[in-house]
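So the sequences go chain by chain: A and B.
If you read the first sequence in numbering that gives the first Met the number 0, its first letter stands for residue 0, the second for the next number, and so on.
If you read the second sequence in numbering that gives the first Met the number 0, its first letter stands for residue 0, the second for the next number, and so on.
Accuracy of the hints is not assured; some may be wrong.
[To be verified] Label pairs and their calculated CB-CB ranges:
(1) T204/B <-> R1/A: 21 to 29 Å
(2) G220/B <-> T71/A: 48 to 56 Å
(3) R30/B <-> G31/A: 58 to 66 Å
(4) R60/A <-> A70/B: 18 to 26 Å
(5) A18/B <-> E11/A: 43 to 51 Å
(6) D207/B <-> R25/A: 41 to 49 Å
(7) E11/A <-> A132/B: 23 to 31 Å
(8) E78/A <-> A79/B: 20 to 28 Å
(9) S158/B <-> V48/A: 32 to 40 Å
(10) A161/B <-> L41/A: 25 to 33 Å
(11) Y37/B <-> E73/A: 43 to 51 Å
I should point out that these hints are in silico values taken from the structure, not numbers from a laboratory.
Because the structure is a prediction, the values reported are computed rather than measured.
Where is the CB? At the ideal position from N, CA and C, for every residue including glycine.
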Amino acid sequence: MRITCPFCGERELGEFTYLGDAKPQRPAADAGEDAVYDYVYLRDNIAGVMSEHWYHGGGCRAWLKVTRNTLTHEISAVEAAAGAGAAKVGA
Amino acid sequence: MSSSAIPYSTIRMEGASVAEFSWDVRSPLDRALIVGPYGAQGEAGVSLTEIRNFDLVQVMARRGNAGEMMAAAKARFGVAAPETPRAVATADATLIWSGPDQFLVLSKDGKHLIEALAPGFAGSASLSDQSHARALISISGEKARAMLAKLSSIDLHPSVFAVGAAAATSMDHTSVTLWRGKDRDGQAVFNLLVFATFAESLWHTILDSAAEYGVTIGHSGDL
Ligand SMILES: [Zn+2]
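Please construct the entire structure, taking both the sequences and the accompanying hints into account.
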């Protein structure tokens, strides 16, 4: 498997580290225990297209959001995660 | 260069023994690098030169300030800092892309020390002195690319990786900054920055990969 880093270009899998589902959003401070429990512990086991966080630690050290089909490993999109590239994303 | 403490005198003080230390600056490859030929005999296919005594500063834009950082770099160096994986030569430094909105300033003889760079980048970027945190290895020779192909998945063919091309990548599971410098004697020169504490390990891997081509090993103070 290869991932095309938006900053570095196409690289081998070994340069990346998998974090997991990119969907969960940190709940508001007053969201309650169930929402926090869901955010911290509960994950969907997706068979199909999934949005994931990957870290290009063996390269430019940017966090990426990768859209990947877990059945075929086909990657349909790679973008910088919020905060990657201090100035451009999530500023 | 790492520093090692060598006790050179022991002073007796009121019955207690106090060691004094002198700090001896030496390369992270000081022990591993043995000048001369290595591997297959005959004309060396790979030339390995460790570059010593360089100054290296990491410049990273603060959130939302990449534009200001780029302007400050232009003011300091007279040329634009790289915004894509490239190495840009200035009159007396090389600016090497090291990730989004960040680059390294490589120079020597104290021309661009962190103290001198800091005022120009105040507010726009965070600076970190890496001079003693990395080893710099220059790789050339007819078989340089063949040797590197064993360690790197980056395509280093001249049609893809021309002079000035750079990559933040890994070799033998070790993070490196790789770029192609100016050709020397009509041959490609690949420069490699590696963390000081990983330098010896990667050096041995490089030697293993290069041995079959014959290697000539040296070190230099010239960038
Ligand atoms: Zn990258």
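message: Range first: 48 to 56 Å. Now tell me if the beta carbons of G220/B and T71/A are that far apart.
response: holds (53 Å)
field: Consistency of beta-carbon spacing, R25/A to D207/B, with hint 41 to 49 Å
entry: At roughly 47 Å between Cβ atoms, R25/A and D207/B fall inside 41 to 49 Å, so the hint holds.
- prompt: Taking 18 to 26 Å as the hint, is the beta-carbon distance of R60/A and A70/B inside that range?
  reply: Holds, since R60/A and A70/B (Cβ atoms, about 24 Å apart) stay within the stated range.
task: Could you say whether the range 43 to 51 Å given as a hint is met by the Cβ separation of A18/B and E11/A?
output: holds (49 Å)
query: For the pair R30/B and G31/A, does the Cβ-Cβ distance stay inside 58 to 66 Å?
result: Check passed, 59 Å falls within 58 to 66 Å.
query: Is the gap between the beta carbons of E78/A and A79/B within 20 to 28 Å?
result: About 25 Å separates the Cβ atoms of E78/A and A79/B, which means 20 to 28 Å holds.
message: Quick check: does the Cβ-Cβ distance between S158/B and V48/A fall within 32 to 40 Å?
response: holds (35 Å)
message: Taking the Cβ atom of Y37/B and the Cβ atom of E73/A, is their distance within the range 43 to 51 Å?
response: At roughly 45 Å between Cβ atoms, E73/A and Y37/B fall inside 43 to 51 Å, so the hint holds.
message: 25 to 33 Å was suggested as the range; check whether the CB atoms of A161/B and L41/A agree with it.
response: Since A161/B and L41/A have Cβ atoms about 50 Å apart, the given range 25 to 33 Å is violated.
query: For the pair T204/B and R1/A, does the Cβ-Cβ distance stay inside 21 to 29 Å?
result: holds (23 Å)
message: Assuming the hint says 23 to 31 Å, is it satisfied by the Cβ distance from E11/A to A132/B or not?
response: holds (26 Å)
Checked against the numbered hints above, the structure breaks only hint 10 and satisfies the rest.
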